[in-house]
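Residue numbers (this note's numbering), protein chains in the order written: chain Z, -14 to 97; chain R, 9 to 502.
Because the hints were derived from the structure by calculation, they are not lab data. Treat the hints with care, since some could be wrong.
[Stated by the list, open to error] Derived contacts from chain Z toward chain R, CB cut-off under 8 Å, selection only:
1. Leu(-4)
2. Phe(-2)
3. Tyr34
[Said to hold, decoys possible] Calculated lysine to aspartate or glutamate pairs in the EDC-like style (CA-CA distance at most 16 Å, straight line):
4. R:Lys431 x R:Asp362
5. R:Lys159 x Z:Asp37
6. R:Lys114 x R:Glu34
7. R:Lys107 x R:Glu34
8. R:Lys159 x Z:Glu82
9. Z:Lys85 x R:Glu29
10. R:Lys114 x R:Glu29
11. R:Lys431 x R:Asp302
12. Z:Lys93 x R:Glu365
13. Z:Lys8 x Z:Glu82
14. Z:Lys83 x R:Glu160
15. R:Lys107 x R:Glu160
16. R:Lys371 x R:Glu451
17. R:Lys450 x R:Asp104
18. R:Lys372 x R:Glu451
19. Z:Lys83 x Z:Glu94
20. Z:Lys91 x R:Glu160
21. R:Lys33 x R:Asp110
22. Z:Lys48 x Z:Asp37
23. R:Lys408 x Z:Asp52
24. Z:Lys91 x Z:Asp37
[Unchecked claim] The calculated label-pair distances, taken between Cβ atoms and stated as ranges, are:
25. Z:Asp37 x R:Met478: 24 to 34 Å
26. Z:Gly(-13) x R:Thr473: 28 to 38 Å
27. R:Gly501 x Z:Pro60: 51 to 61 Å
28. R:Met478 x Z:Ala38: 53 to 63 Å
Built from N, CA and C at the ideal position, the CB exists for glycine as well.
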Amino acid sequence: MGTLIYISSFLLFLIGLYCVVVKDNLIKIIIGIKIMGYGVCLFYIMISYKSDAIAPIIIKGVKNYTDPLPQALIPAIMAASFAAMILMLATSIRLFEKHKTLDMSKIKELKG
Amino acid sequence: MLLLIFILLPIVSALILILYERINKESGSLITFTSTLINLSIVIFLFFISSDNRIVYHIGGWPSPLGISLVLDSFSLLMLFVINLISCLSMLYSIDYIKHYDSRAKFFILNLFLIAGLNGVVLSGDIFNLYIFLEIIAFASYALIAFGLGKEDLEASIRYQVIGTIGSFFIFFGIGFLYSVTGSLDLADISKIIHQHSATNRAILFAIPLLLFGFSLKAALVPFHAWLPDAHPTAPAPVSAMLSGVVIKVSGIYGIVRIFFSVTGVSTTLLQILLYAGLISVFFGAFAALYQNDFKRILAYSSISQIGYIMLGIGIGTPLGYAGALLHIINHAAFKSLFFMVAGAVNYATGKRDTRELGGLSKKMPITYISSISSSLSLAGIPPFGGFFSKFLILLALVKANHLTLSILLVISFLLTLAYFIKIHRRVFLRSENSELYKNVKEVPYSMRIAMIILAIICLGLGLTFPWIMKTFINSAVNIFTNGINYGNIISGL
Chain Z
-14 MGTLIYISSF
-4 LLFLIGLYCV
6 VVKDNLIKII
16 IGIKIMGYGV
26 CLFYIMISYK
36 SDAIAPIIIK
46 GVKNYTDPLP
56 QALIPAIMAA
66 SFAAMILMLA
76 TSIRLFEKHK
86 TLDMSKIKEL
96 KG
Chain R
9 MLLLIFILLP
19 IVSALILILY
29 ERINKESGSL
39 ITFTSTLINL
49 SIVIFLFFIS
59 SDNRIVYHIG
69 GWPSPLGISL
79 VLDSFSLLML
89 FVINLISCLS
99 MLYSIDYIKH
109 YDSRAKFFIL
119 NLFLIAGLNG
129 VVLSGDIFNL
139 YIFLEIIAFA
149 SYALIAFGLG
159 KEDLEASIRY
169 QVIGTIGSFF
179 IFFGIGFLYS
189 VTGSLDLADI
199 SKIIHQHSAT
209 NRAILFAIPL
219 LLFGFSLKAA
229 LVPFHAWLPD
239 AHPTAPAPVS
249 AMLSGVVIKV
259 SGIYGIVRIF
269 FSVTGVSTTL
279 LQILLYAGLI
289 SVFFGAFAAL
299 YQNDFKRILA
309 YSSISQIGYI
319 MLGIGIGTPL
329 GYAGALLHII
339 NHAAFKSLFF
349 MVAGAVNYAT
359 GKRDTRELGG
369 LSKKMPITYI
379 SSISSSLSLA
389 GIPPFGGFFS
399 KFLILLALVK
409 ANHLTLSILL
419 VISFLLTLAY
429 FIKIHRRVFL
439 RSENSELYKN
449 VKEVPYSMRI
459 AMIILAIICL
469 GLGLTFPWIM
479 KTFINSAVNI
489 FTNGINYGNI
499 ISGL
């Protein structure tokens, strides 16, 4: 059970990566990136888990606490991935104004 | 305390500029240039005051594993010098260059955040802050690439955004694995814990490929290079100079060296991967550059090739190879930034970037022409320019490490480099058939000229002062590579 949750968070990450690589529509690519981000966030939540531990508040007689640090890192990464999403959506609005499409296979001004 | 200025000064001046932008949308060149100049003078000051080039600053006075610390060692100092030199000169260049763009204040605000992020990455002693500063660099460069708002700019930017965000997530996943094993985010502390308790832990063996994938995406090593030839040419010229000269080195190579050499420790397999990925990059970049016609696109492919040389030098795994790679970091920053500035100057004066349509500019734009010669001689590795010594050191290290086939291939790649720079020169500056089309072409404004001349002198000076540079800067930075895993013990004692 313990390893299953790690595998599932990595699976979520890979589903997002598959979506980014395979889809042509820009909005679907951005959704894929968000799914990748959620996979990583889930992984960070899981590494702070310990069995038979309580929330990190000091109580007399209890020695086993969960790790509070990864949860504190999650807001930072959420803000960063939120900013990434906003920038991508803003760019795709501008691209739609120029090309009248969001299909990346049709937007080919550059040779790569 | 001095270290905090590198990060805070650009951010504070950006915040001032955000407020002042409401009054005047076209301001900001002076405050940006001044703050980069102050940063540059502090770096030069740091070279003289610190005897062993090692400073640790604990933010808020908290001791190291608990609090956040800024760490300066000789490799960071070298990178800090490159960052602040190139950013200062490219801001000087953009005072006049950016005049034909609208809302210039936004350009300078984004550039200040870019500089703050670059300084933050090389100074951060904390793996999570390193990641946050990487994101700041990435966002600022995404926005700067799309700054022209043309069709090409937006497309290049969105491609870079998608690929760059994937790279960032891979790095972040790798950091999660490192944290889950060591329970610490401080680089020195992680390094100590890994080598005392869990050197062959399987989670760390899984984290290394994730981090390598993320950082190679940022450095544009060959299987992951697809974003670079779009993103670097479409940006405004001073931004291209920053991106090619500094950003790929800081967010790619610095990350690889700091995480793998100092924290997790390198294995022979990793060095082999870097060596062969570097060699493939060298050849791919050089061949692709030969087939391009766009001036800035040739330079972008050439950047892939030159990053390959640096990776190859690191991948050899001997002190001589490291020295060559470090020297090539400085040289490449100088000549590639200068070359992008030259391309920007040609574009500024004629409005064209396609080398087939240009010609005969050597008499119309003498200063641009002279700086172009200086940078391309350094790029091609002609003595006594700086590029010769770094490429020669890498070649020497390959021969000494008994990689004879590779060294022959490397010599062939030098010739390819020579070929594409001759192509640029013949088409843009020397051929005179199109010269009547450009009767009204004038030399570019003063700030652009001064920036190009200074960099041209630096390209030559790096070669002429080669023994002194080796003795004062490179040798102490090579110690960071060779000390490797002792990083934790050295830093946490301070």
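Each hint, compared with the structure:
no.: 1; hint: Leu(-4); in the structure: violated, 13 Å
no.: 2; hint: Phe(-2); in the structure: holds, 7 Å
no.: 3; hint: Tyr34; in the structure: violated, 10 Å
no.: 4; hint: R:Lys431 x R:Asp362; in the structure: holds, 12 Å
no.: 5; hint: R:Lys159 x Z:Asp37; in the structure: violated, 57 Å
no.: 6; hint: R:Lys114 x R:Glu34; in the structure: holds, 9 Å
no.: 7; hint: R:Lys107 x R:Glu34; in the structure: holds, 9 Å
no.: 8; hint: R:Lys159 x Z:Glu82; in the structure: holds, 10 Å
no.: 9; hint: Z:Lys85 x R:Glu29; in the structure: violated, 32 Å
no.: 10; hint: R:Lys114 x R:Glu29; in the structure: holds, 8 Å
no.: 11; hint: R:Lys431 x R:Asp302; in the structure: holds, 11 Å
no.: 12; hint: Z:Lys93 x R:Glu365; in the structure: violated, 23 Å
no.: 13; hint: Z:Lys8 x Z:Glu82; in the structure: violated, 21 Å
no.: 14; hint: Z:Lys83 x R:Glu160; in the structure: holds, 10 Å
no.: 15; hint: R:Lys107 x R:Glu160; in the structure: violated, 21 Å
no.: 16; hint: R:Lys371 x R:Glu451; in the structure: holds, 10 Å
no.: 17; hint: R:Lys450 x R:Asp104; in the structure: holds, 14 Å
no.: 18; hint: R:Lys372 x R:Glu451; in the structure: holds, 7 Å
no.: 19; hint: Z:Lys83 x Z:Glu94; in the structure: holds, 12 Å
no.: 20; hint: Z:Lys91 x R:Glu160; in the structure: holds, 13 Å
no.: 21; hint: R:Lys33 x R:Asp110; in the structure: holds, 8 Å
no.: 22; hint: Z:Lys48 x Z:Asp37; in the structure: holds, 10 Å
no.: 23; hint: R:Lys408 x Z:Asp52; in the structure: violated, 50 Å
no.: 24; hint: Z:Lys91 x Z:Asp37; in the structure: violated, 54 Å
no.: 25; hint: Z:Asp37 x R:Met478: 24 to 34 Å; in the structure: violated, 58 Å
no.: 26; hint: Z:Gly(-13) x R:Thr473: 28 to 38 Å; in the structure: violated, 59 Å
no.: 27; hint: R:Gly501 x Z:Pro60: 51 to 61 Å; in the structure: violated, 33 Å
no.: 28; hint: R:Met478 x Z:Ala38: 53 to 63 Å; in the structure: holds, 54 Å
Checked against the numbered hints above, the structure violates hints 1, 3, 5, 9, 12, 13, 15, 23, 24, 25, 26, 27; every other hint is satisfied.
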